[in-house]
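A.B. asks: Spelled out, the chains give:
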Amino acid sequence: MSKSYRQVHAIKGISLDVGKGEIFGLIGPDGAGKTTLFRIMTTLMLADSGYGRICGLDIVKDYFKIRRLIGYMPGRFSLYQDLSVKENLDFFATMFGTTLRESYGTIKEIYSQIEPFRDRRAGKLSGGMKQKLALCCALVHKPSVLFLDEPTTGVDAVSRKDFWTMLGRIRQSGVTVFVSTPYMDEASLCDRLALIKDGEIIGTGTPEQIIRQYPYRILAVKGRNMYPLLKALRMIEGVESCFSFGDAHHLAYRPDRTCRQTILAEAAGMGFPDCTAKEIAPGIEDCFMQLSKKWGKN
Amino acid sequence: MTMKEFLASIKKEFLHIFRDRRTILIVMIMPVVQIILFGFAVSTEVTRARIAFCGDISDPVVRRTIDRIESNRYLESAGMLQSPSGITEMFRRNKADAAVCFGRNFGEEYLSSGNAAIKIIGDGSDPNTARIITSYVSGVIQQEQQDISISMEGERKSSMNPVVHLMYNPAMKSSYNFVPGVMGLILMLICSMMTAVSIVREKETGTLELLLVSPVKPLWVILSKLMPYLALSAVNFISILLLAHYVMEVPVNGSIALLSLSALVFVVASLAIGILVSVISSSQKTAMLICGMGLTMPTMIFSGIIFPCESMPEVLQWFSDIIPAKWFIILVKKIMIQGDGFASVIKELSILAGMAGVLLSASIFSFRTRLQ
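Line by line, the protein sequences give chains A and B.
Here the numbering used here is used: the first residue of the first sequence is 1, the next is one more, and so on.
Here the numbering used here is used: the first residue of the second sequence is 1, the next is one more, and so on.
No lab work stands behind these hints: they were computed from the structure.
Hints should not be assumed to be uniformly reliable.
Keeping only pairs whose Cα atoms sit at most 30 Å apart, straight-line, the calculated DSSO-like set for lysine-lysine is [claimed, not checked]:
no.: 1; chain 1: B; residue 1: Lys4; chain 2: A; residue 2: Lys61
no.: 2; chain 1: A; residue 1: Lys142; chain 2: B; residue 2: Lys11
no.: 3; chain 1: B; residue 1: Lys11; chain 2: A; residue 2: Lys108
To give an idea of the interface, some chain A residues facing chain B are shown, with a C-beta separation under 8 Å as derived from the structure [claimed, not checked]:
no.: 4; residue: Arg39
no.: 5; residue: Leu46
no.: 6; residue: Met95
Backbone N, C-alpha and C define an ideal beta-carbon position, used for all residues, glycine too.
Here chain A stands alone, though its shape is the one from the complex (with noise of 0.2 Å):
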């Protein structure tokens, strides 16, 4: 499907499946389109062209349906910040046909952990507590689909290690989990994958298969003066590409074409002698900077 906004192409022909009951996230950097992905599957939007469909249901056609199937929990907070806890969850739980007595054994393990604070205003939780309300009130009429929109972003990483094993969790009671992140760290914790940028998918499959779909090697180099050494690095011949990796550089190079021992020497022979560099395997971001690279150029 595809859908643009005025002169923006938001989505540009994106093409996906995901199966049931897995966790299929949707990774890619801000602006890749995700967030419109999301509102026109949980039928807030229309598409330009194309189609879904959601447990055999058509998004269009059958979306009033549809939106008794899903959960969706969309970027920012958005519940009630002037409701309490509990208020927060009677209301949506109403509004979605059920009651929170019905549906506590869904949610127990995720509410019990707010239920303390079941009197507080939600503005007044902190970012890991509104994001399990959230969840919650996503959760309490016991979807079939859960649509989570950037559900970590903002949130700390006790938090989010958290939240992805109550993901884990509300899989195995059989619910599909879409779930879109911006952190390709999450990435491995996905069942499938589909690496998203500027509104074209540039990768699927789960995340070891995309991991071994990876045609470099990757040396992580560390250096003293880390921002001439990454300028330098990515001159020497057979470097495919280098990028600056928190405390280390990450540089993929051509096996075929050169090896550890000779680019520390070229390094050392542009002025980085006590270059260390070591042969690590490559994550998804390296996966998705090599595609987003490959697909650049086509």
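Once you have looked at the hints, place chain B on chain A.
C.D. replies: Below, chain B without anything else, positioned relative to chain A:
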């Protein structure tokens, strides 16, 4: 949608209102403040105008006339002046609002030739007040003259004396004009602004997305948003009526049921305007600005609260016809003050009902089931 979801939605909306102190303050205090403001501060009535006198105090006719003016409940004496030249000084120092000068040998002239000179001088720096005061004074003098001639000749001389009587408002109280106006203004403002702001707030926070994704039909979401404001405007309507009747002493001559029916129709029209405003505005500020400037100003100007519509250019009069508040204010005046029944307000009521119907269907039609 079952009743349960509808009620939960209404309850939630009430919680929003009661948890926001500013909203509750605006909604509950504004009518009282407006009525008191219009009633006491912006009053166009003249009460206790100070009149200075200039003439021969020993003349019995002059004495009688001054006594008569002084004893009038709207007028009081500012003292006697030695000569007319002192009037300017009185006006400058704001000691008097008008002056009455009796001619030389006033009583004698009057009784012999029936033609005595009397002069009323008003402070024209405030033309409206001056006009009202001078006409009060001349009315009082005319009555005195009539009484004197009756006492002299035992019966009324043949003369034409127009007696002006303002039906429905004999004392010319301005509250008769502003109470219906304020009622229209407040009901419209509360209904349209509050509704628009509360819907746009959900747009801003993203909760509208969640409500749309729910299996509840958008029509019901909107209706449930309207209900609390409907209840609030009922409270306001009652409090304005009570204030008007017991504090401003405005009579309620007609049927309260008919008055409430007109108010209900008007409130529905205003709520629909609120929804329409929420559709076109993307932030709470915009919604407030549109309601504040775009609705309040035309309502104040074109509904006859401040200026009579009849004295406007014809084009503007047509424009005033499309403002629902104008028809509501006419209805309130007719029912509350003139005590008219259903038969004589059927035209205004059906125009207002027509407007409400069109606005409501337009607003429901324009409210989407999806974003954008």
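A.B. asks: Evaluate each hint against the coordinates.
C.D. replies: Now for the hints, and whether the structure bears them out:
Of the supplied pair hints, the one linking B/Lys4 and A/Lys61 holds, its CA atoms being roughly 27 Å apart against a limit of 30 Å. For the suggested pair A/Lys142 and B/Lys11, the alpha carbons sit about 24 Å apart, so the restraint of at most 30 Å is met. Taken as a hint, the B/Lys11 and A/Lys108 pair is honoured in the structure, with Cα atoms around 25 Å apart against an allowance of 30 Å. About 6 Å separates the beta-carbon of A/Arg39 from the nearest beta-carbon of chain B, less than 8 Å, and the hint is met.
Checking A/Leu46 against chain B by beta carbon gives a least distance of about 7 Å; that is within 8 Å, so the hint holds. A least Cβ separation of about 5 Å between A/Met95 and chain B falls short of the 8 Å threshold, and the interface hint therefore holds.
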